[in-house]
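Number of protein chains: 2
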Amino acid sequence: MELDLILQEVQTAAANNDWQSGMELLRPLPVPDLASILSELDADTALNFLRRYPAKEQSSIFGYINPAKQSALAELMSRSELTQLFTLMDHDERADLYNRLSEEERLSILPGLAHAEREDIRQLASYEEGTAGAIMTSAYISLSGQLTATEALQRIRQEAPDAETIYQIYIIDEQRHLIGTISLRDLLLAPPHQRLSQMMVTDVIHCRVNDPQSEAAHFIAHYDLISLPVVDEDNKLVGIITHDDALDVTQEESTDDQMRLGAVDGDPTVSLKEATIGTLYRMRVFWLVILVFGNIFSGAGIAYFEGLIESMVALVFFLPLLVDSGGNAGSQSATLMVRALATGEVRMRDWFLMLSKEVTVAFLLGISMAAAVSLLGLVRGGPELALVVAITMVLIVLVGSLIGMSLPFVLTRFKLDPASASAPLITSICDAAGVLIYFNVANIILDLAV
Amino acid sequence: MELDLILQEVQTAAANNDWQSGMELLRPLPVPDLASILSELDADTALNFLRRYPAKEQSSIFGYINPAKQSALAELMSRSELTQLFTLMDHDERADLYNRLSEEERLSILPGLAHAEREDIRQLASYEEGTAGAIMTSAYISLSGQLTATEALQRIRQEAPDAETIYQIYIIDEQRHLIGTISLRDLLLAPPHQRLSQMMVTDVIHCRVNDPQSEAAHFIAHYDLISLPVVDEDNKLVGIITHDDALDVTQEESTDDQMRLGAVDGDPTVSLKEATIGTLYRMRVFWLVILVFGNIFSGAGIAYFEGLIESMVALVFFLPLLVDSGGNAGSQSATLMVRALATGEVRMRDWFLMLSKEVTVAFLLGISMAAAVSLLGLVRGGPELALVVAITMVLIVLVGSLIGMSLPFVLTRFKLDPASASAPLITSICDAAGVLIYFNVANIILDLAV
Numbered sequence: 013m014e015l016d017l018i019l020q021e022v023q024t025a026a027a028n029n030d031w032q033s034g035m036e037l038l039r040p041l042p043v044p045d046l047a048s049i050l051s052e053l054d055a056d057t058a059l060n061f062l063r064r065y066p067a068k069e070q071s072s073i074f075g076y077i078n079p080a081k082q083s084a085l086a087e088l089m090s091r092s093e094l095t096q097l098f099t100l101m102d103h104d105e106r107a108d109l110y111n112r113l114s115e116e117e118r119l120s121i122l123p124g125l126a127h128a129e130r131e132d133i134r135q136l137a138s139y140e141e142g143t144a145g146a147i148m149t150s151a152y153i154s155l156s157g158q159l160t161a162t163e164a165l166q167r168i169r170q171e172a173p174d175a176e177t178i179y180q181i182y183i184i185d186e187q188r189h190l191i192g193t194i195s196l197r198d199l200l201l202a203p204p205h206q207r208l209s210q211m212m213v214t215d216v217i218h219c220r221v222n223d224p225q226s227e228a229a230h231f232i233a234h235y236d237l238i239s240l241p242v243v244d245e246d247n248k249l250v251g252i253i254t255h256d257d258a259l260d261v262t263q264e265e266s267t268d269d270q271m272r273l274g275a276v277d278g279d280p281t282v283s284l285k286e287a288t289i290g291t292l293y294r295m296r297v298f299w300l301v302i303l304v305f306g307n308i309f310s311g312a313g314i315a316y317f318e319g320l321i322e323s324m325v326a327l328v329f330f331l332p333l334l335v336d337s338g339g340n341a342g343s344q345s346a347t348l349m350v351r352a353l354a355t356g357e358v359r360m361r362d363w364f365l366m367l368s369k370e371v372t373v374a375f376l377l378g379i380s381m382a383a384a385v386s387l388l389g390l391v392r393g394g395p396e397l398a399l400v401v402a403i404t405m406v407l408i409v410l411v412g413s414l415i416g417m418s419l420p421f422v423l424t425r426f427k428l429d430p431a432s433a434s435a436p437l438i439t440s441i442c443d444a445a446g447v448l449i450y451f452n453v454a455n456i457i458l459d460l461a462v
Numbered sequence: 013m014e015l016d017l018i019l020q021e022v023q024t025a026a027a028n029n030d031w032q033s034g035m036e037l038l039r040p041l042p043v044p045d046l047a048s049i050l051s052e053l054d055a056d057t058a059l060n061f062l063r064r065y066p067a068k069e070q071s072s073i074f075g076y077i078n079p080a081k082q083s084a085l086a087e088l089m090s091r092s093e094l095t096q097l098f099t100l101m102d103h104d105e106r107a108d109l110y111n112r113l114s115e116e117e118r119l120s121i122l123p124g125l126a127h128a129e130r131e132d133i134r135q136l137a138s139y140e141e142g143t144a145g146a147i148m149t150s151a152y153i154s155l156s157g158q159l160t161a162t163e164a165l166q167r168i169r170q171e172a173p174d175a176e177t178i179y180q181i182y183i184i185d186e187q188r189h190l191i192g193t194i195s196l197r198d199l200l201l202a203p204p205h206q207r208l209s210q211m212m213v214t215d216v217i218h219c220r221v222n223d224p225q226s227e228a229a230h231f232i233a234h235y236d237l238i239s240l241p242v243v244d245e246d247n248k249l250v251g252i253i254t255h256d257d258a259l260d261v262t263q264e265e266s267t268d269d270q271m272r273l274g275a276v277d278g279d280p281t282v283s284l285k286e287a288t289i290g291t292l293y294r295m296r297v298f299w300l301v302i303l304v305f306g307n308i309f310s311g312a313g314i315a316y317f318e319g320l321i322e323s324m325v326a327l328v329f330f331l332p333l334l335v336d337s338g339g340n341a342g343s344q345s346a347t348l349m350v351r352a353l354a355t356g357e358v359r360m361r362d363w364f365l366m367l368s369k370e371v372t373v374a375f376l377l378g379i380s381m382a383a384a385v386s387l388l389g390l391v392r393g394g395p396e397l398a399l400v401v402a403i404t405m406v407l408i409v410l411v412g413s414l415i416g417m418s419l420p421f422v423l424t425r426f427k428l429d430p431a432s433a434s435a436p437l438i439t440s441i442c443d444a445a446g447v448l449i450y451f452n453v454a455n456i457i458l459d460l461a462v
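Going down the list, the sequences are from chains A and B.
In terms of my numbering, the first sequence opens at residue 13 and continues consecutively.
In terms of my numbering, the second sequence opens at residue 13 and continues consecutively.
Any given hint could turn out to be false.
Just so you know, same-sequence chains aren't split out, so a pair can sit in one copy or run between any two.
As the list claims (entries may be wrong) - Mimicking PhoX-like on lysine-lysine, the simulated pairs with C-alpha atoms at most 25 Å apart in a straight line are:
#1 Lys369 x Lys68
#2 Lys285 x Lys427
#3 Lys81 x Lys427
#4 Lys248 x Lys81
#5 Lys81 x Lys285
These are computed hints drawn from the structure, not numbers from a lab.
With the hints as constraints, model all of the structure from the sequences given.
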């Protein structure tokens, strides 16, 4: 909240051309907070502030600014400014920025960069979005196993200013194959003349450039790593992914899952505040229209029972209640199952085990709810209706829960994301099932009663 | 997947009393994987394998075993084994284990521990669940600002074996107040005789023992920290939270949010596979019953329009379709808004800004869907019904979206978790609104048409 206040004061200062007061407000801020504020300012103002920092600091602030504003700033910068920024920025971030530049901007800065840097950018920028390669950095420390602990520490001191992390060191052979790793901690505790090859860990946990980011993040979380090395098809070390990137990926994945569960499509990093009407429309229209077709089945079911409804309109009163309860129970089951499948806690072969449990729980839930609503049925339409409502409720909660728990399994079976079993999708399917169950039960019981 | 195979083979080996083959399978595994396997074995078998590792390794494996199995193992261990385990375990993990022991077990091990360790356990075990204090560790490195870089490195080497991380060092005064921090990286690069007080960062990002864990995790993610220091009310350093714990918290929070959105209550760390029927029932019954009451309103709305329905039963065919579309649009809006509020991208004061955007998007979505379903109305009930269905669809998607986007704001306003605006809750509210809109529109149009 305090940042909001600072933002307002900075905006006022900038509006009054009082850059000095603005800088006094900004200077005490940690870099990520400073970048948050610059991200909210218009690009001209933000650039005016950014230019007042030394070049190296500029590049680290720039890395934290949001992607859209980064592009806007890059457009305003002179060619030499942009070239300098590219030289100093973190390798993974500059590759991302490069991917967002226009062809023209790219061509304008490449000649100003050293050959090695051009290659590095081209390399990192070439990996497909969503892969480990796309978030890795090439600024890691790799040493030969022939070095002694003391020599290694010396090399680390030299390379530290350019490396994203120095806390995990990777050992490579002459062809850059990843053959070992050692933590700085172990290195500090090692006998000074021992060679790295004698103390390194040789079974290095790693991933491949084309592995999905989520898998890389999972490795980092599961093995409590500071950084995860990334190798190419030939097992050559090409980059590392650091623990802070894993956190970002985890948060993005979580957003992505929630969007899917809520039947929203699209890029999880998109800003709701900045998204255009067109983007928002596209994120939502697909599922809404698909779900319409789902509901046409429910309508057809109702049409089939037209005669029954005409003979007892009171049946319609309970339609939303009964049908929704199935959808609700189904959403709950699906939510629990999607999570359990995502964390790997439950696997495909556990389906039958989970099924028997689900049946018991759903039956108990159905009974509880039937007890509550049958009373209402009694008041509204007499004992027959109460019986219809109670039996329907048990069956609907049971069927809804089974649909909810099975759909994520079925999707997984067909290599689809189980999180596509969104609440609205399950609701639609349960609705159609619910309509059929309700009117069939009503048909049987009311027929018997007549 | 491969771990599954190893698990099966280890189980077979154990069943044949062939512990040696079992160990051959387990020995090459990284500790977290080894612990996953031990977590799946029965406690006796797991303990039999665990005892074959050296004491220090036992304690680090034990830390990765799942909590329920940890408690089972602790029960089987002798007093001396348990005491040794407590001496060697990570400080934060042993405090958690201590909290899960029986009173009897606690009393049996405390006498065997050194005074300082007893105090450390009591201290760490005393913080409320969900607070920063409950996940912090006391195994950090804190030094006096008077030390030179060289002296500091020497001290770090001595303390490294017991510290959870040595990559961020905290500087304290004589009363243990947190006065600065320095990374091991900067320390390695510093002139050997410079004092820590001259090179430390003095504005240390920190949290307090009673701050929520989610906030601590957010700090670590936002500022890309390796560890976050935790201070008590007097600003004295009492612990640190490490980056890997932040990842765990983030994953837990994400599960928690998804469960809330799916209208499921309860502990996000509970294992779906191991949860009892009673636990699963309790996680679900509350919201299911609450939602029944919500649906009673829809039923009452329908009852009110009984006459209208009797005169045109075809209206009922479109009831699920129209009513659900509002709920679906509402779920989408709520999903987007809950995320935007959680990440802080959208704030309370943005409500009006978001509202105008939402109205436009919802209107466009409503028009698109009205076009699709009015054709169906034409076929099923003629031009009047088509008009009713089209107008209702636009209104329902509009109202549903507005409810979906506003509810998270309202909940935030009343200091409730916006994620409580679950899809089922929004569906229920939108259903009731939808019924009223539908039959009122039908009433007006069909009256005019007659």
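Comparing the hints with the structure gives:
1. Lys369 x Lys68: neither (59 Å within a copy, 40 Å between copies)
2. Lys285 x Lys427: between (33 Å within a copy, 22 Å between copies)
3. Lys81 x Lys427: neither (37 Å within a copy, 32 Å between copies)
4. Lys248 x Lys81: Answer is neither; intra-copy 35 Å and inter-copy 39 Å both fail.
5. Lys81 x Lys285: within (14 Å within a copy, 46 Å between copies)
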